[in-house]
Amino acid sequence: MSAAATLYPLQNGIGNMVRNLFPESASLINPVLGVIALVILVSSLAGLLILLERKVSAHFQVRLGPMRVGYHGILQPLADGIKLVFKEFLKPRGADSFIFYLAPMLPLSATFLLMAILPFDHHLQLVDPAGGVLYVLGISGLTVLGILLAGWASNNKFSLLGAMRSGAQMISFEISMALIMLLIVMVSGTASLREIVLSQQGLIFDWWIFKLPFLGILSFFMYLIVSTAELNRTPFDLAEAESELTAGYHTEYSGMGFAMFFFAEFVNMFVSAGLATTFFLGGFHPPLIGIPLIDGLLNAIPGFIWFFGKTFFIVFVYMWFRWTFPRVRIDQLMSLEWKVMLPANLLLLMMGAVFMVLGWAG
Amino acid sequence: MKETSPKESLLEYGSRYLRKVVTGFYSLIQGMDITLKYFINPKTVITQQYPENRDTLEMFDRFRGPLSMPHNQDGENACTACGICEKACPNGTISVLSTKDISGRKVLGKYIYRVSQCTFCGLCVEACPFGALAMSNDFELSVYDRNELTWVLNKPQATSQGEC
Ligand code: SF4
Ligand code: SF4
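Residue numbers (numbering that gives the first Met the number 0), protein chains in the order written: chain A, 0 to 361; chain B, 0 to 163.
Keep in mind that the hints were calculated from the coordinates and are not lab data.
Among the hints, erroneous ones may be present.
[Stated by the list, open to error] Label-pair distances were calculated between CB atoms; the ranges are:
| id | chain 1 | residue 1 | chain 2 | residue 2 | range |
| --- | --- | --- | --- | --- | --- |
| 1 | B | I28 | A | I300 | 52 to 60 Å |
| 2 | B | D54 | A | S253 | 36 to 44 Å |
| 3 | A | G254 | B | G13 | 48 to 56 Å |
| 4 | A | I174 | B | G23 | 18 to 26 Å |
We put the CB at the ideal spot given by N, CA and C, even for glycine.
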């Protein structure tokens with residue numbers, strides 16, 4: 000445990016208050032409070048991101064976006080939610096009921112599980128497993144599983160095809176993702192997300208994106224590309240290429256079944272941006288530049304605001320990608336991963352190791 | 000992959016590969032530059048808030064609304080009742096009903112246009128050799144009775160605006 004970790008113990012005011020008031024049952028109450036906070040956070044994030052996506056995409060494409068419901072369409076997510084709740088959730092004839100109803104829950108639960116370990120602030124993190132990176136990689140597999148099961152259980156050729164394609168896509172890009180995370184684990188010497196953030200303490204040049212000479216920026220851009228593919232977003236949204244597959248794996252889902260996939264997809268965008276912030280952009284650390292006056296001001300802003308600011312910036316970049324680039328073909332996508340990203344990542348990892356040995360990093 | 004000839008050395012291959020990566024990224028960044036310019040200039044937005052701005056609404060010249068037949072001040076149009084537009088229309092939207100004037104010349108009696116069948120393709124306007132047709136900018140076309148969508152485009156000189 001580094002000095003920084005002891006400086007900021009993983010406790011916060013509310014937890015301590017509960018511990019003081021109810022010393023015996025605190026270990027029960029605190030997790031419940033945490034889960035409630037998580038549910039509120041995820042649902043409000045889903046609404047916010049849906050509105051944001053529409054507005055941002057509209058302005059990129061010289062449109063206005065939703066304007067009718069509330070001021071500049073602010074209540075639009077609410078209206079969408081009400082519509083989705085009242086829509087009937089139909090199951091196609093011959094579909095496997097159990098798996099059909101189970102499938103949409105898996106991506107959503109993966110989202111919740113990932114949100115639980117994101118370090119929002121020094122003392123705002125639900126749990127901090129020592130193998131956080133491993134946990135992230137394992138849990139994101141649940142999304143793939145949900146998508147594959149949805150396609151399989153729908154009893155529909157197009158759904159199955161879409162599920163297979165997006166399964167192949169997500170699994171292959173997960174390899175590159177793991178290698179990039181491995182690079183950061185290697186240079187920071189820890190696999191816990193909190194420790195990774197704390198290892199970037201100091202000036203802005205101590206963030207991994209700048210601290211690793213040249214490699215940091217390169218791997219950050221590669222992370223952006225790989226995570227866009229992992230999120231099934233344009234230019235890699237082959238999972239739902241509407242010209243070939245109508246809607247891909249969720250063709251047969253309506254009402255809340257569709258909404259679950261949809262929410263998971265949007266909140267996953269936030270999670271993935273949060274991981275980028277954690278790994279490369281110094282997490283909740285303010286961008287200090289070494290001038291005491293400005294640094295004092297920056298330090299006065301609470302850490303979670305920095306975290307959300309950086310994360311939403313990356314979310315904006317994802318949206319920017321989405322509404323600028325045309326979709327790639329499936330063979331281009333696969334050759335991008337297996338012929339470009341994977342060799343480049345292996346090379347990057349080796350160079351990272353060389354840097355470590357020469358003592359240029361960390 | 001035809002472009003990779005077997006004679007290409009590793010160095011050539013590597014440089015081509017790197018060039019591809021660099022130019023690829025450059026073109027992507029060009030695209031993002033364009034969209035960012037749109038994003039930070041809300042003035043570029045071209046969507047209009049339709050029912051609110053009905054009074055100030057401006058349609059574009061090339062907008063294809065229902066067919067119209069321009070008339071001059073004397074209430075005359077350029078149509079010679081040749082029927083080319085009727086033949087050009089793929090949907091049978093137009094019926095040119097000709098009649099004879101006092102001197103026995105064939106003139107236009109009623110120009111019947113059924114908006115409900117029209118796809119606004121503009122083929123009739125292209126086909127007319129006399130420039131007697133145009134597409135108007137009107138688009139508020141909904142009515143409660145289908146019969147109201149059968150229009151007579153020419154102004155009958157003597158009689159009242161005719162029913163069909
Ligand atoms: S616009 Fe097309 S469909 Fe309409 S009347 Fe002319 S030719 Fe027929
Ligand atoms: S509108 Fe033009 S094409 Fe049609 S009948 Fe008249 S002159 Fe002929």
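A quick look at each hint next to the structure:
1. The hinted range of 52 to 60 Å is not satisfied by B:I28 and A:I300, whose Cβ atoms lie roughly 31 Å apart.
2. For B:D54 and A:S253, the Cβ-Cβ distance of about 41 Å falls inside the hinted range of 36 to 44 Å, so the restraint holds.
3. In this structure the supplied range 48 to 56 Å holds for A:G254 paired with B:G13, their Cβ-Cβ distance being about 53 Å.
4. Range check, A:I174 to B:G23: Cβ separation about 22 Å, and the 18 to 26 Å hint holds.
Hint violations for this structure: number 1 only, all remaining hints satisfied.
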